[in-house]
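Those protein sequences? They're chains A and B, same order as listed.
Under our numbering, the first residue of the first sequence is numbered 1, with each subsequent residue one higher.
Under our numbering, the first residue of the second sequence is numbered 1001, with each subsequent residue one higher.
By construction, these hints were calculated from the structure, which means they are not laboratory data.
For clarity, every value in this text was computed on a predicted model and none was experimentally measured.
Built from N, CA and C at the ideal position, the CB exists for glycine as well.
Worth double-checking, as some hints may not be accurate.
[Stated by the list, open to error] Subject to a maximum C-alpha distance of 30 angstroms in a straight line, what follows is the list of computed BS3-like cross-link-like pairs (lysine-lysine):
| id | chain 1 | residue 1 | chain 2 | residue 2 |
| --- | --- | --- | --- | --- |
| 1 | B | Lys1247 | A | Lys148 |
| 2 | B | Lys1421 | A | Lys5 |
| 3 | B | Lys1420 | A | Lys491 |
| 4 | A | Lys561 | A | Lys344 |
| 5 | B | Lys1420 | A | Lys344 |
| 6 | A | Lys491 | B | Lys1421 |
| 7 | A | Lys561 | B | Lys1421 |
| 8 | B | Lys1272 | B | Lys1203 |
| 9 | B | Lys1247 | A | Lys152 |
| 10 | B | Lys1337 | A | Lys241 |
| 11 | B | Lys1247 | A | Lys143 |
| 12 | A | Lys211 | A | Lys241 |
| 13 | B | Lys1421 | A | Lys344 |
| 14 | B | Lys1236 | B | Lys1272 |
| 15 | B | Lys1119 | A | Lys426 |
| 16 | B | Lys1201 | B | Lys1292 |
| 17 | B | Lys1292 | B | Lys1304 |
| 18 | B | Lys1115 | A | Lys491 |
| 19 | A | Lys251 | B | Lys1337 |
| 20 | A | Lys491 | B | Lys1119 |
| 21 | B | Lys1304 | B | Lys1201 |
| 22 | A | Lys230 | A | Lys96 |
| 23 | B | Lys1421 | A | Lys426 |
| 24 | A | Lys491 | B | Lys1016 |
| 25 | B | Lys1420 | A | Lys5 |
| 26 | B | Lys1292 | B | Lys1381 |
| 27 | B | Lys1189 | B | Lys1272 |
| 28 | A | Lys426 | B | Lys1420 |
| 29 | A | Lys426 | A | Lys551 |
[Claimed, not checked] Each pair of labels, with its calculated beta carbon distance range:
| id | chain 1 | residue 1 | chain 2 | residue 2 | range |
| --- | --- | --- | --- | --- | --- |
| 30 | B | Ala1427 | A | Leu307 | 35 to 41 angstroms |
| 31 | A | Glu108 | B | Pro1378 | 35 to 41 angstroms |
| 32 | A | Ile171 | B | Asn1148 | 38 to 44 angstroms |
| 33 | B | Pro1378 | A | Ala24 | 49 to 55 angstroms |
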Amino acid sequence: MQANKYLLPGIVVLGGFLYLFAQAAPNSQPANSFNLQGFGQLPVVDRGRIKPIDTFARVSLMVMNDGFQSFKDESGARQPAVRWLLDVMTSRFSDKGTAEKLKVIRIENDQLLGVLSLQPRPGLRYAINEFAKQLPALEERAKAAEQKEPAKRNTLDRSVLQLAHHLQSYIEIASLQTPLIIPADKELEWKPFMQAAIEAKNANRDDPATKAFGNMILAYERNEPGNFNKSLEEYRGIIDKSLPAEAAISKFEVFFNHFSPFYHCIVLYIFVFLIAALAWAFRPESINRSAFWLCTLTLIVHTWALLARMYIQGRPPVTNLYSSAVFIGWGCVLGCVILEAIYKNGVGNIVGSVTGALTLLIAQHLGGEGDTLEMMQAVLDTNFWLATHVTCITLGYTTSFVAGFLGIFYVLRGVFTPTLTAESDKSLTQMTYGIICFAMLFSFIGTVLGGIWADQSWGRFWGWDPKENGALLIVIWNAVILHARWGGMVKNRGIALLSIVGNMVTGWSWFGTNQLGVGLHAYGFNDQLARGLTMFWISQLVVLAIGLFPKEKWWSVKARKQPVAGIASGIKTKHQPA
Amino acid sequence: MSDQSFSSYKPTGFLKLLLTLASLRLTVILFLLSLFLVFAGTLAQVDNPTWTAVTDYFRSFFVFVPSQVFVRFFQAFRWVPPTTQWGGGFYFPGGWTVGFLLLINLLAAHAVRFKFNWKRSGILMIHSGLIVLMIGELVTGLFAVEGNMTMEQGGATNYLELRETSGFLGKINGPELAFSDLSNPKSEKVVVIPNHLIRNKGKLSDPALPFDIEVLEYMNNSSISENTSQGNLATKGDGMSVVAISKPEVSGTSSDQKIDLPSAYIRLIDKKSGQENGVYLASVWLSLSSTKPTQEVITSEGQKLQMALRMKRSYKPFQMELIEFKHERYLGTNTPKNFSSKVKLVDPARNDSFETLISMNNPLRYEGETFYQSGFLPGDKGTILQVVRNPGWLLPYLSCAMVSFGMLIHFGMHLNQFMKKRAENHAS
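Looking at chain A on its own, in the form it has when it is part of the complex:
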């Protein structure tokens, strides 16, 4: 019996471990091939940040093909982004035309496809040489679109400009003007390869780094892996000597990119959810424990990934919208794991895995627009306030969401299952209430700290800026819930419903305020997020409506009145009186 108790959780956690291990292990590279991984680790500068070439390649490719950090070559095999980058970098002096044949540019707009005489195909990804003849026409349209005021551009204009933008970045890479590759002693003097090469030639000077890098791409074009790897080693020798710290961080970042921990966290959270759902249906205790330990394992990976980002960037965890999503997910899961450790009733597993997976999915979405470790605007460039205000306010969002999802869980469980017994009704409300107290604490402190930061940096404690107001709304809403409870205006169901409304309020201040235009905190917004938020609100309204069904109609409430022994009373734990 004792062995049985630990057997299943042990197997599940081991399975999780093996999965992660398999993902983290490096891809094997045949001996006589290009050392692409080594090439990817070289540090370059792009958008104000020293990063590995691997990241630059992944982000550039992802922006162009809308979401993928790898591509299919002509034979249909998946290839890493650095190979695409090398193909583009050598395209100017190569007559093979490899880069132009790669189908990596996504064109969605069917009018634009018409303009370029392209046929829609699955995936909508096209190669440059498929529409090379239409480029002059495209350029003309792009110029016309650019002249229009942004508000007056139609969908075709926007698609044309987007494509023109992609081609522009392509050209910059192909002409070796982006990124800044050749390092210098001073931080501000990194140079693109082309410039460094021309300067070295004009000054009749032999620059070892420029020479080694030049040899590398020449060797790539001539398909000489041996020479490529030799020049790479030479170049790495120079870098390791002149920029040891940056080279080390770059290597680590490449591992991070390769492992893509957040993606695997999503997979594992989904498994946690499935196992936790099974726990409700079958033998609860050991299955539920398995879900708990798998969730804990995933949380550890999630935590590691968060710390890894902090190490790479040298900043507190939340610096932009993407990282806020990652951090909110982390906080939700952490809170739920703690709840589960206290209550051991399966609620924490379900809510934790759902919120963890959802927030990381949102993060994946937000991360599709570029480098998620971007540099910060001057006024945001302070680790102290990022660490205090931003972290606090994000924890405020986090706890509000946890409370809201507990509310959703309360409603769905009560209406659609018989398992919400009087006992679990009480404990679920207790959990929600506790979490709301934390939400109140974090959102208030976070908001006031934001005010103090504002006072420090532009002399106004409170400017009634849209984003500030959004945070204030969360504080007020949590105060409403707490005071309504203290005044006896709401009971268990009322708290659940109010915290679901809290989800809507939090969604507004997290994303919605940006949509209004651009205040001091705006990170930008787009139609897709507007649709996402709309859907989210509708879903919350639906759950609210379900929660407003008369209580006698709830399955759980009906079940409470039937003293039939066969109806399960939630997950039995050793703490529950039998």
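Given the coordinates of chain A, work out where chain B should sit on it, guided by the hints.
Relative to the frame of chain A, chain B by itself:
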């Protein structure tokens, strides 16, 4: 915590009123009102400058909320077409009203239910902190003054240009029209026409001025174009070569421009002859020009006056000199990394002189005023400092400490109790 303890007897008269004022139901209602107010006040910033929204919604007793603000909300999510217009609106209690009622509610609650014991100490601390916060916002609303100090590299200045701000005591409402007589090198004689007089167009007369003034057009916000082919009202002065075009006022959610830049077309009529001197363009744009911030007006008698539409000034007993302005960018981008101004402050009255560096998140506090790095002149030619005098600036810090501490005590006690109970259950 609940009102139930009072239900055993029937209160009457004053006590009944007090109990109503102290009820948690009222608290929740007031919270809901403030929730709506903050939401509407946010939406109002789509079409209005932040400070208008702040004055109308948060620093007022009542506010008229036009339905159109909700259309803005729906449009932001593409729920209605961008051209949708809704008329009408409704009155709603403003920030002063809701805040005042909350204060009364809080005080009444403590008066009725107050019993000091350790269990309540957290709540007491939180609520006292909130009162401090409200007082802080009230003091800011009443007394805070904001302005700008602009200096070129190597240049010095001794005044602030007061920004449009709103307060309980009325608002500083944009630029004034100033005429200065420089004929006496020892002292400058200035006649200033306040903004509200120019704003209302029409004719103005002042005994100190040799001419009458007629405001032909006043623009709350404008841009300057060199294309005068569409016609130009100006017949003299700097306005001959450029034309001012009216623009909508800056909205609170706009990112590219933070303040309004007004312009006016002004006809001057010689008092003695009754002859028109000319129509001039007076614009904050022109006064911003560092080389020639004013334009010369010559009367029929040959008297010379300098005219400018400029922000209201507040002269200081000290002088500030910009030694160096630095604008650092991130490697290979235009994203600013840091702005900083090295300045020298000379205060002869206090016999004070020192150099200091003002940068982002690193202001200078001097004599009750705080100087922040706020912006820079085009081409990094100089710096713009934001200057704020707010006698209540310390209150939010105090409040934050009190409330945070109070919440930690209160929720901490709850948590402790809860854990204890669980431990007991566990044991049994």
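Hints, verified against the model:
Between lysine 1247 (chain B) and lysine 148 (chain A) the alpha-carbon distance is near 18 angstroms, which keeps this suggested pair within the 30 angstroms criterion. Straight-line distance between C-alpha atoms of lysine 1421 (chain B) and lysine 5 (chain A) comes to about 27 angstroms, which keeps the hinted pair within the 30 angstroms bound. With a C-alpha separation of about 23 angstroms, the suggested pairing of lysine 1420 (chain B) with lysine 491 (chain A) holds against the 30 angstroms cut-off. A distance of roughly 25 angstroms separates the Cα atoms of lysine 561 (chain A) and lysine 344 (chain A); the hinted pair therefore holds under the 30 angstroms criterion.
Pair hint lysine 1420 (chain B) plus lysine 344 (chain A) holds up; C-alpha atoms about 17 angstroms apart against a cutoff of 30 angstroms. In summary, the hint linking lysine 491 (chain A) to lysine 1421 (chain B) is supported, as the alpha carbons are separated by about 21 angstroms, within the 30 angstroms threshold. Between lysine 561 (chain A) and lysine 1421 (chain B) the CA atoms are separated by roughly 28 angstroms; this keeps the pair inside 30 angstroms, and the hint holds. In summary, the hint linking lysine 1272 (chain B) to lysine 1203 (chain B) is supported, as the alpha carbons are separated by about 16 angstroms, within the 30 angstroms threshold.
A C-alpha spacing of about 18 angstroms is found between lysine 1247 (chain B) and lysine 152 (chain A), which places the hinted pair at or below 30 angstroms, so the restraint holds. Distance hint between lysine 1337 (chain B) and lysine 241 (chain A) is fulfilled; the C-alpha atoms sit about 28 angstroms from each other, no more than 30 angstroms. Proximity of lysine 1247 (chain B) to lysine 143 (chain A) is assessed by CA-CA distance (about 26 angstroms); at most 30 angstroms being required, the pair is judged to hold. Proposed proximity of lysine 211 (chain A) and lysine 241 (chain A) is supported: the alpha carbons are some 17 angstroms apart, at most 30 angstroms.
Of the supplied pair hints, the one linking lysine 1421 (chain B) and lysine 344 (chain A) holds, its CA atoms being roughly 16 angstroms apart against a limit of 30 angstroms. A distance of roughly 20 angstroms separates the Cα atoms of lysine 1236 (chain B) and lysine 1272 (chain B); the hinted pair therefore holds under the 30 angstroms criterion. Distance restraint check for lysine 1119 (chain B) and lysine 426 (chain A): the Cα-Cα separation of roughly 23 angstroms lies within the 30 angstroms cut-off, and the hinted pair is therefore satisfied. Of the supplied pair hints, the one linking lysine 1201 (chain B) and lysine 1292 (chain B) holds, its CA atoms being roughly 26 angstroms apart against a limit of 30 angstroms.
Annotation: proposed proximity of lysine 1292 (chain B) to lysine 1304 (chain B) holds, straight-line Cα distance about 16 angstroms (limit 30 angstroms). For the hint pairing lysine 1115 (chain B) with lysine 491 (chain A), the CA-to-CA distance comes to about 26 angstroms; that is within 30 angstroms, so the pair holds. Our distance criterion of 30 angstroms between C-alpha atoms is met by lysine 251 (chain A) and lysine 1337 (chain B), whose separation comes to about 26 angstroms. For the hint linking lysine 491 (chain A) to lysine 1119 (chain B), the alpha-carbon distance of about 23 angstroms falls within 30 angstroms, and the restraint holds.
A distance of roughly 25 angstroms separates the Cα atoms of lysine 1304 (chain B) and lysine 1201 (chain B); the hinted pair therefore holds under the 30 angstroms criterion. This hinted pair checks out: lysine 230 (chain A) and lysine 96 (chain A) have alpha carbons roughly 23 angstroms apart, not beyond 30 angstroms. For the given pair, lysine 1421 (chain B) sits about 14 angstroms from lysine 426 (chain A) by alpha-carbon distance, which is consistent with the 30 angstroms threshold. Distance check on the hinted pair: lysine 491 (chain A) and lysine 1016 (chain B) sit about 26 angstroms apart at the alpha-carbon level, within 30 angstroms; holds.
Between lysine 1420 (chain B) and lysine 5 (chain A) the alpha-carbon distance is near 28 angstroms, which keeps this suggested pair within the 30 angstroms criterion. Restraint check for lysine 1292 (chain B) and lysine 1381 (chain B): the C-alpha separation of about 16 angstroms stays at or below 30 angstroms, so the hint holds. Simply put, lysine 1189 (chain B) and lysine 1272 (chain B) have alpha-carbon atoms about 21 angstroms apart, close enough for the 30 angstroms limit, and the pair holds. Only pairs whose Cα atoms come within 30 angstroms are accepted, and lysine 426 (chain A) paired with lysine 1420 (chain B) is accepted, the gap being roughly 17 angstroms.
Distance hint between lysine 426 (chain A) and lysine 551 (chain A) is fulfilled; the C-alpha atoms sit about 15 angstroms from each other, no more than 30 angstroms. Taking 35 to 41 angstroms as the suggested C-beta distance range, the pair alanine 1427 (chain B) and leucine 307 (chain A) conforms, at roughly 38 angstroms. Between glutamate 108 (chain A) and proline 1378 (chain B) the beta carbons are some 39 angstroms apart, a value that agrees with the proposed interval 35 to 41 angstroms. Checked against the given bound of 38 to 44 angstroms, the beta carbons of isoleucine 171 (chain A) and asparagine 1148 (chain B), roughly 42 angstroms apart, stay inside it.
Hint check: proline 1378 (chain B) to alanine 24 (chain A), Cβ distance near 51 angstroms, so the stated range 49 to 55 angstroms holds.
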